[in-house]
Amino acid sequence: MKVTRLIQARRAFVSIAALALAVGATAQPGSAQFGSMDAPAKPRATVVYAAEPQSVPAARRAMLELRFQIVPGFHINSHTPKSELLIPTTLNLEPETGVKPGAPVYPAGEPYSFPSVPGEKLDVYAGNFIIRLPVVATPGDHTMGATLKYQACDNASCYPPKSLPIKIVFIAK
Amino acid sequence: MLFAGLALVVWSGWKNLRERRSAMQEQQNRRVDLIPDSQPAAAGDSSAGESQLRGKPAPAFTLLDLNGKKVSLSDFKGRPLVVNFWGTYCAPCKIEMPWLQEFSLKYAADGFRVVGITYDSEVGRDTIAQTTQRLGVTYPILLSTPKAEKDYLSNTEALPMSFYVDKTGKVVEITAGLGSKDELEAMVKETIAAGGR
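Protein chains in written order, with our numbering: chain A, 1 to 173; chain B, 1 to 197.
Hints may be right or wrong, so weigh each one.
[To be verified] Okay, derived cross-link-like pairs now, DSBU-like style, lysine-lysine, Cα gap no bigger than 35 Å in a straight line:
no., chain 1, residue 1, chain 2, residue 2
1, A, LYS149, B, LYS181
2, A, LYS149, B, LYS69
3, B, LYS181, A, LYS121
4, A, LYS82, B, LYS181
5, A, LYS82, B, LYS56
6, A, LYS82, B, LYS69
7, B, LYS181, B, LYS56
[Said to hold, decoys possible] Pairwise CB distance ranges (calculated):
no., chain 1, residue 1, chain 2, residue 2, range
8, A, PRO134, B, ARG134, 53 to 63 Å
9, A, SER163, B, LYS150, 16 to 26 Å
10, A, ILE130, B, ASN155, 28 to 38 Å
11, A, THR80, B, SER74, 36 to 46 Å
12, A, LYS149, B, LYS147, 43 to 53 Å
13, B, GLN130, A, ARG132, 26 to 36 Å
14, B, SER74, A, ILE130, 45 to 55 Å
15, B, THR145, A, SER55, 45 to 55 Å
16, B, THR145, A, PRO161, 18 to 28 Å
17, A, LYS149, B, ALA186, 36 to 46 Å
18, B, LYS150, A, THR138, 49 to 59 Å
19, A, GLY140, B, THR127, 38 to 48 Å
[Said to hold, decoys possible] Some, not all, of what chain A presents toward chain B, calculated at C-beta under 10 Å:
no., residue
20, SER83
21, LEU86
22, ILE87
23, ASN92
24, LEU93
25, TYR106
26, PHE114
27, PRO115
28, LEU122
29, ALA126
30, SER157
31, CYS158
32, TYR159
33, PRO160
34, PRO161
Since the hints were made in silico from the structure, they are not lab data.
Backbone N, C-alpha and C define an ideal beta-carbon position, used for all residues, glycine too.
From just these sequences and the hints, can you work out the full model?
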């Protein structure tokens, strides 16, 4: 039995790693490809990420960099997708004592078209992207919770919106 | 006094270090599902539940449309039909749906029909209606249920997903993802031709 895949999407791990804290996003081995057409691998989409704190000057406006990585073969809508019917990528911050965050600064997206409809342009993030977060923080260590909301697609299909919880660890001194 | 002060500073530094290590460890241990627990069915994925439908009778359903009216698969008995699962967040779905609309009119004389089943029904009828209106879709749009998703989609969350049902009620083709308009029309024609005259 075969399911007709109109446009063969790469079956890949899709992972976003919050490198804000961190730094190493490690996809599962053998992630991005499937085997033969008759025996495709069925990997699970998971990611592990580690945290490494950033350092910013205390008591004045400083910029944190939140680095994210999308596994090859997938993209997510940018913060400003071209259609209001699409779900934008957004970062929601949790309150943290001693930290006054500003509005996140999202990168510009890049144009993307589904292969079978090259005329339809979307605005997406693919590969690595950085969200910059202005903060004014009191001296000391801070751990601020946040959630990245995004909606991902591959080159033919889309997946339900997801939330990625992260912790932004930094020292203000 | 001085000793006590120094001890306090050392203790506080140590405690702080432990907390930071703990936070870091928590980060390292965190495993996050990003895309779907399940991946889309790819060509030849015989393990996918949806592929097991091919050649078999389309699973029966009775679902509510946007006006709250019950619509059943049996309402389309004797007609070639596309059952199209879509979502309001799904860009390729919204590219494909106007094509399905066009074909539903173009091949109406052959008895061909299209029914859309909204995967993200939780966004509400207003949002769904607004979306389909903008897309120019007039074929029936139904609200999905866990049972319909289990029967048709099995464990995949990939959209769009379409099931081509011939006039005998048998699933003759299944597609996952967006293809070209020509490919879609070819499958509509095959579905119309299938099941005999």
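- Message: Of the numbered hints stated earlier in the document, which are not met by this structure?
- Response: Of the numbered hints, 5, 8, 12, 23, 24, 25 and 29 do not hold.
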